Amino acid sequence: MLTYIIRRLAWSVLLLFIVSLLVFFIFYTLPSADPAILRAGRNPDPDLIKELNKRYGLDDPFYKQYFIYMRDLVLHFDFGRSFQNNVDVRTEIFERMPATISLALGAAVVWLCVGIPIGIISAVKRGTIWDRLTMGLALVAISAPVYWLGLVSIYLFASDIGTLAPIFNTTGNYVDPWDNFSQWFSSLILPWMVLATAFAAVYARFMRSNLSEVLDEDYIRTARSKGLKERTVIFKHGVRSAITPIVTIFGLDLGGLLGGAILTESVFNIPGIGRTAFDSIQKSDLPIVQGTVLIAAAAIILLNLLVDIAYAFLDPRVRY
Amino acid sequence: MRVDSRTRPVWLAMLIACAFAFVVAGCGSDDSGGSSGSSSSSGGATVPGGGKIGEGKQGGDVTFLAAGDVDYMDPGQTYYTFGYMVQYAVNRPLYSFNPSSATDPIPDLADGEPEISSDQKTITVHLKPNVKYAPPVDRAVTSKDVKYAIERAFTTSVPSGYATSYFAEIEGVPDNAPIKYSALKPFSGLQTPDDQTLVIKLTKPVAQRVAAALVMPITIPVPQDYAQKFDTKVPSTYNENVAFTGPYMVQNDPQTGNLTGFDPGKSIKLVRNPNWDKSTDYRPAFLDSITISEGNDDAVVAARRTLEGQKTMCCDSGQLPPSIFKRVLDRQQDQLGKVPSGGSRWVALNTSKPPFDNIDVRKAVIAGFDRTALRLTRGGEIIGPIAQSYIPPGIPGHEESGGDKGFTEFDWMQNPEGDLDLAKKYFKQSGVKLNSDGLYGGTDEISIVGDNADPGLSTSTVAQSEFEKLGFKTTFRKVPRDTMYTKFCGVPKSEPNVCPSVGWFKDFTDPESMLEPTFDGKAIKPAGNVNWSQLNDSKINQAMADAALKSGGDRNQGWADVNKQIVAQAPGVPYIWDSSFQIESPDVNGVMNGYYTTWDLSFSSLK
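Respectively, the protein sequence lines represent chains A and B. Residues 73 to 392 in this note's numbering are what the first sequence spells out, letter by letter. Residues 9 to 615 in this note's numbering are what the second sequence spells out, letter by letter.
Since the hints were made in silico from the structure, they are not lab data. Nothing here was measured: the structure is a model prediction, and the numbers come from that model. Cβ coordinates follow ideal geometry from the N, Cα and C atoms, glycine included. Incorrect hints may appear among the rest.
Pairs of lysine to aspartate or glutamate, EDC-like flavour, derived with a Cα cap of 20 Å [what the hints assert, rightly or not]:
1) 152/B to 127/B
2) 277/B to 167/A
3) 501/B to 119/A
4) 277/B to 248/A
5) 241/B to 150/A
FRET-style restraints, in silico, Cβ to Cβ [to be verified]:
6) 88/B to 247/A: 26 to 32 Å
7) 254/A to 337/B: 38 to 44 Å
8) 360/B to 219/A: 41 to 47 Å
9) 122/A to 550/B: 26 to 32 Å
10) 374/A to 501/B: 44 to 50 Å
11) 483/B to 321/A: 39 to 45 Å
12) 262/B to 147/A: 35 to 41 Å
13) 320/A to 262/B: 52 to 58 Å
14) 262/B to 219/A: 39 to 45 Å
Please work from the sequences and hints to get the whole structure.
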């Protein structure tokens with residue numbers, strides 16, 4: 073197991089290197105705004121543009137810029153400074169991380185608590201009206217774009233403009249949990265539900281499908297024949313087998329969200345990494361774009377590694 | 009997919025549930041609710057937008073919803089509307105604008121009008137005594153602070169977007185600005201004979217223009233004894249440690265000056281400046297505090313929160329989403345602020361390459377273009393008149409340019425809905441190949457690079473269809489607005505034939521700031537170029553140089569003559585002199601400022 077982990081970590085480093093190179097390459101080959109001209113103002117002096125290009129190293133060749141960036145990152149864990157407002161990128165990202173983690177983890181709890189039980193019940197009650205209703209609603213939930221869902225939920229439920237039941241905190245009220253726990257919690261209820269909706273639906277459908285298949289297996293029939301309680305058959309034998317693939321996708325999904333749920337953060341004005349990345353892309357602020365992408369990639373890689381390790385505990389047949 | 013009878017009720021129920029959600033959400037966007045939909049009882053505005061100037065309830069806190077962030081907090085660097093909105097509430101330049109007039113600046117830090125010598129090469133400004141900085145600086149402003157504020161803007165630590173454009177004629181300004189801060193020496197042309205007097209000496213007789221530019225934030229005082237330690241860094245960190253002189257200040261650490269109330273991208277908290285002396289200021293400063301909440305990317309949500317909420321103002325973009333705009337015009341006009349934006353928008357034709365290097369082709373395009381359709385993409389007639397020249401209303405020289413009617417002797421400008429017969433006449437006169445309809449018959453495609461987001465996208469799309477109506481074959485590339493300006497339209501060597509959604513807005517109330525950057529051949533730059541037509545006519549260039557040296561009524565007429573020459577060259581299709589719009593909650597008495605075209609936080613109040 074240890075050898076496996078070390079090998080995976082080594083591959084992770086290579087992967088992060090490739091991701092960083094790709095981001096640099098995309099930034100320089102696709103037409104984006106010129107950061108020096110943007111910083112210089114709307115009628116910029118050519119000497120000022122030249123000075124800013126020099127300051128940001130933008131007049132250096134692409135490979136030199138990349139080398140300097142990676143050197144600072146590896147040796148000093150320095151992500152550079154924003155082209156736009158000169159803030160330290162590392163500080164900016166880590167300041168915004170609590171918001172993204174809060175959003176992602178909270179939504180994960182909601183979608184697991186909702187999606188998996190629904191999937192189990194649907195599998196057990198396969199073919200009934202309950203099954204059809206839940207799976208139909210799941211399809212609707214998967215199809216609804218999260219941005220649209222977010223806006224609709226704000227128009228229906230936000231405390232200041234909600235028309236149906238204005239019971240949830242409106243947008244833009246996020247604070248970190250150590251500043252005001254109750255405001256933090258109340259500001260995230262609606263975003264959690266919105267973000268969790270599609271995931272819960274996917275997980276419900278996935279769980280139903282897997283469990284339905286498992287419940288048809290011979291060993292389940294054997295377990296029932298032995299006189300075990302139905303609950304024991306379903307949970308100890310059925311769910312345990314069916315949940316393994318869900319662990320995999322959970323790792324991918326959570327890893328992706330920890331890199332920033334851009335749409336949800338934008339709709340609900342949550343100052344997380346996703347929104348920062350979106351704003352930076354629009355302003356061609358490469359250091360922040362690079363930093364947020366690397367953090368997102370690292371989160372996905374790490375979560376995947378944890379998932380693979382968890383597999384070994386969930387499934388005794390898996391050994392590294 | 010077949011649906012059997014057992015499942016039909018289930019699907020029907022789901023469909024109804026979805027439809028219900030749509031209906032309720034849709035009703036919510038039109039249902040204005042009780043109080044916000046009522047007719048105005050505020051007595052109406054006596055000035056552009058919002059409430060009555062100088063009248064308001066003392067106290068209270070307001071939230072301003074913004075999508076983006078200020079460009080800078082540093083007065084030497086800020087150059088955009090949103091930054092100005094904050095800056096003019098927390099700081100005091102030499103001159104500024106009372107909301108009652110967007111054209112005549114009044115003394116702010118200054119104690120009277122600028123005294124201009126007869127040779128137009130010296131400006132003398134006297135400062136009010138006893139205007140104090142907020143903590144931690146805690147002392148009176150002196151003329152040396154204004155001198156330093158201007159000087160620092162020519163260094164690499166403080167990259168100012170306009171210092172070299174408007175203040176380069178000050179004696180002693182280095183030729184190779186921006187320079188390193190360590191190389192900065194006092195400018196011989198900025199003299200401070202005493203703490204309340206600033207004398208500006210110029211190398212050329214351009215005092216009229218420089219005096220007009222004294223309204224800009226570059227003249228906001230910066231105490232060198234406090235700021236120097238920040239300015240030695242590259243870039244300066246004064247942006248996070250600004251000293252304040254206005255009725256408000258950004259919340260800070262009173263010991264160090266660090267702006268604790270400035271969280272970039274998240275919020276800005278403005279509180280009262282404890283050292284502000286009301287007797288030295290024309291601003292009433294009714295509110296106790298203003299919280300600027302940023303990141304409100306969805307303009308409709310932000311607008312609805314404002315219109316239906318309390319103690320809220322919006323928005324930093326100056327433009328409302330169409331659905332909100334319609335609703336406000338129909339039912340909530342008392343919550344709308346409007347001022348002329350002091351700018352023009354046009355479709356720029358690249359005169360440096362075919363086919364628009366031919367003046368008659370350009371005239372044909374303008375003649376045939378439906379400019380009312382272009383204006384509709386911005387909101388229609390309510391937004392503003394069809395632009396007939398490049399000096400908008402409110403800028404000196406506009407009336408001398410024929411006012412809103414423009415120069416009536418130019419027939420290609422007289423029919424904003426387009427005149428195809430006249431277009432055909434000019435196409436024929438141009439000598440280009442014609443098609444069977446007598447319109448442009450050339451085979452080369454013209455390239456158009458425009459915004460990929462509304463309203464610029466709509467404007468560009470309409471422009472493309474107008475060109476095709478006139479016989480042109482087009483390719484239209486959509487890119488983000490910043491990319492459009494910095495990689496295509498602002499870079500002469502990669503500029504397309506047409507930049508359809510450009511615009512220019514005043515820096516100060518002087519026609520030179522409208523025409524020189526945008527149509528002077530000498531202003532064409534390899535990057536960051538704003539002479540998008542690349543107009544380079546030696547007669548016009550010389551006329552501008554001559555007009556720049558004039559003053560008073562001669563100056564206005566001189567620039568009007570330049571305006572006429574520019575319009576005669578048909579470098580673009582001007583289509584609107586537009587307005588800026590803001591909204592407020594029903595309990596807010598917002599007052600618009602016509603200079604920076606957004607809410608004036610130091611005049612706004614609660615009802």
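To see whether the hints hold, each was checked on the structure:
Taken as a hint, the residue 152/B and residue 127/B pair is broken in the structure, with Cα atoms around 25 Å apart against an allowance of 20 Å. A distance of roughly 19 Å separates the Cα atoms of residue 277/B and residue 167/A; the hinted pair therefore holds under the 20 Å criterion. For the hint pairing residue 501/B with residue 119/A, the CA-to-CA distance comes to about 18 Å; that is within 20 Å, so the pair holds. About 18 Å separates the Cα atoms of residue 277/B and residue 248/A, which keeps this hinted pair within 20 Å; it holds.
For the given pair, residue 241/B sits about 19 Å from residue 150/A by alpha-carbon distance, which is consistent with the 20 Å threshold. A hinted range of 26 to 32 Å holds for the C-beta pair residue 88/B and residue 247/A, which are about 28 Å apart. Taking 38 to 44 Å as the suggested C-beta distance range, the pair residue 254/A and residue 337/B conforms, at roughly 40 Å. Taken as a hint, the range 41 to 47 Å holds for the pair residue 360/B and residue 219/A, whose Cβ atoms sit roughly 42 Å apart.
For residue 122/A paired with residue 550/B, a C-beta distance near 29 Å keeps the hint of 26 to 32 Å intact. Taking 44 to 50 Å as the suggested C-beta distance range, the pair residue 374/A and residue 501/B conforms, at roughly 46 Å. The beta-carbon spacing between residue 483/B and residue 321/A, approximately 43 Å, falls within the hinted interval of 39 to 45 Å. Distance hint check for residue 262/B and residue 147/A: the Cβ-Cβ separation is about 38 Å, which falls inside the suggested range of 35 to 41 Å.
The hinted window of 52 to 58 Å between residue 320/A and residue 262/B holds, with their beta carbons roughly 55 Å apart. At roughly 43 Å, the beta carbons of residue 262/B and residue 219/A sit within the given window of 39 to 45 Å.
Violated hints amount to a single one, hint 1; each of the other numbered hints is respected by the structure.
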